[in-house]
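> Below, each chain spelled out in residue letters.
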Amino acid sequence: MHELSIAQEILNIVKNSIPSETQKLKSVKIRVGKLSGILIDSLKFCFEAIINDTEFSGASLDVIEIPIKISCAECKTDTELNEPIFICPRCNSFNVQLLAGRELEITEIEVED
Amino acid sequence: MSVITIERKVLEKNDVIAQQNRNKFKLKNRFVMNFVSSPGSGKTSVVEKTIELSKGNFRVGVIEGDVQTNLDAERVSKFNVPVVQIVTNGGCHLEANLVRDAYKNLENEEFEVLIIENVGNLVCPSNYDLGEDIKVVILSTTEGEDKPLKYPAMFRNAAVLIINKIDLIPYLDCNIEVMKKNALAINPQLEIFEVSCKTGEGLNDWINWIKKKIEKL
Ligand SMILES: Nc1nc2c(ncn2[C@@H]2O[C@H](COP(=O)(O)OP(=O)(O)OP(=O)(O)O)[C@@H](O)[C@H]2O)c(=O)[nH]1
Ligand SMILES: [Mg+2]
Ligand SMILES: [Zn+2]
Numbered sequence: 001m002h003e004l005s006i007a008q009e010i011l012n013i014v015k016n017s018i019p020s021e022t023q024k025l026k027s028v029k030i031r032v033g034k035l036s037g038i039l040i041d042s043l044k045f046c047f048e049a050i051i052n053d054t055e056f057s058g059a060s061l062d063v064i065e066i067p068i069k070i071s072c073a074e075c076k077t078d079t080e081l082n083e084p085i086f087i088c089p090r091c092n093s094f095n096v097q098l099l100a101g102r103e104l105e106i107t108e109i110e111v112e113d
Numbered sequence: 114m115s116v117i118t119i120e121r122k123v124l125e126k127n128d129v130i131a132q133q134n135r136n137k138f139k140l141k142n143r144f145v146m147n148f149v150s151s152p153g154s155g156k157t158s159v160v161e162k163t164i165e166l167s168k169g170n171f172r173v174g175v176i177e178g179d180v181q182t183n184l185d186a187e188r189v190s191k192f193n194v195p196v197v198q199i200v201t202n203g204g205c206h207l208e209a210n211l212v213r214d215a216y217k218n219l220e221n222e223e224f225e226v227l228i229i230e231n232v233g234n235l236v237c238p239s240n241y242d243l244g245e246d247i248k249v250v251i252l253s254t255t256e257g258e259d260k261p262l263k264y265p266a267m268f269r270n271a272a273v274l275i276i277n278k279i280d281l282i283p284y285l286d287c288n289i290e291v292m293k294k295n296a297l298a299i300n301p302q303l304e305i306f307e308v309s310c311k312t313g314e315g316l317n318d319w320i321n322w323i324k325k326k327i328e329k330l
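The listed protein sequences derive, respectively, from chains C and A. Note that the working numbering gives residue 49 to position 49 of the first sequence, counting from 1, and the numbers run on in steps of one. For the working numbering, count along the second sequence from 1 and bump the result up by 113.
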């Protein structure tokens with residue numbers, strides 16, 4: 001539901017990161033964790049909608065989805081989880097740390113020279 | 114074509130303001146809780162009960178967040194505590210800057226515990242740090258046992274789960290043990306309270322827990 005405000009924040013950061021106004025934006029690359037609560041399709045839709053009719057029109061939002069990854073404090077194993085059930089699949093311990101999955105980051109933008 | 118590396122958090126602006134809020138709360142030694150739940154689980158009811166039972170134990174200040182109307186703030190103001198309403202005008206979550214502005218009206222009042230009632234929504238508020246010490250998720254027995262599994266981010270980020278409306282259990286198929294088991298699978302550290310704002314059951318444990326928390330501040 002808040003994908004529109006997230007898209008707006010992305011655009012704000014992008015605007016401040018383009019070296020010169022004459023350079024046309026081609027793409028924005030972001031990392032989105034599976035535990036971030038963001039609907040990727042909805043975010044892309046919102047991004048397209050807010051750049052439409054602006055100088056950024058046509059730029060693409062490339063999303064890298066980051067799986068949930070935990071580290072078990074008991075058996076010292078790192079595992080990628082398909083479902084957010086925070087139990088070590090190897091030794092069934094609850095004593096796990098979240099290593100990845102909450103990301104919501106812009107990594108790079110691509111501009112025409 | 115050239116690639117420019119950015120490596121920035123999308124919500125960095127919010128995070129910076131949240132940290133400033135946190136520093137301001139610390140300055141006055143305030144324990145700050147962010148109440149989150151689906152619409153109607155009982156956030157305002159728990160706020161009301163907490164105020165009622167706080168007498169002689171601690172004082173409460175409240176920031177009410179709502180999409181429309183100031184009805185919740187009106188409910189809370191009947192208890193004669195400092196309260197400010199934030200209306201988000203359609204926004205599905207509170208952001209740190211809204212809390213910063215609201216807090217200016219409360220800062221100089223006398224209270225030890227600040228409760229921020231977020232907008233009723235189990236998804237969006239989980240991305241936005243407000244500067245709180247802890248998130249408290251409220252889940253009512255009418256919502257089903259599977260909610261922790263469907264909204265894992267919220268349950269993972271919370272420190273406390275309040276299961277509300279336990280007075281209704283006899284009329285429902287809700288299995289509270291399964292609900293707790295699901296919540297603990299997402300977050301084994303969750304502190305769980307089973308309460309009814311209607312009968313008052315379980316609320317003393319909740320108040321005692323808050324008392325212990327503020328003693329440590
Ligand atoms: N039976 C029963 N009803 C309750 C209980 N707690 C709250 N309610 C009722 O549930 C309804 C919603 O409660 P609120 O406290 O307004 O819920 P809320 O989460 O603040 O709602 P929003 O702010 O609109 O998202 C009200 O009609 C309450 O009277 C309870 O423990 N038992
Ligand atoms: Mg309410
Ligand atoms: Zn293990």
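Bear in mind the hints are in silico, worked out from the structure with no lab data behind them. Warning: the hint list may mix true and false statements.
[Claimed, not checked] Taking lysine to any residue pairs in the SDA-like style, the calculated list, with each CA pair at most 25 Å apart, reads:
1) C:Lys44 / C:Gln8
2) A:Lys294 / C:Lys15
3) A:Lys122 / C:Pro89
4) C:Lys15 / A:Leu281
5) A:Lys122 / C:Gln23
6) C:Lys44 / A:Lys294
7) C:Lys15 / A:Glu187
8) A:Lys263 / C:Asp113
9) A:Lys122 / C:Glu74
10) A:Lys122 / C:Ser57
11) A:Lys294 / C:Ile87
> State for each hint whether it applies.
Hint check results:
no., hint, verdict
1, C:Lys44 / C:Gln8, "holds, 11 Å"
2, A:Lys294 / C:Lys15, "violated, 46 Å"
3, A:Lys122 / C:Pro89, "violated, 30 Å"
4, C:Lys15 / A:Leu281, "violated, 52 Å"
5, A:Lys122 / C:Gln23, "holds, 23 Å"
6, C:Lys44 / A:Lys294, "violated, 35 Å"
7, C:Lys15 / A:Glu187, "violated, 41 Å"
8, A:Lys263 / C:Asp113, "violated, 45 Å"
9, A:Lys122 / C:Glu74, "violated, 31 Å"
10, A:Lys122 / C:Ser57, "holds, 23 Å"
11, A:Lys294 / C:Ile87, "holds, 12 Å"
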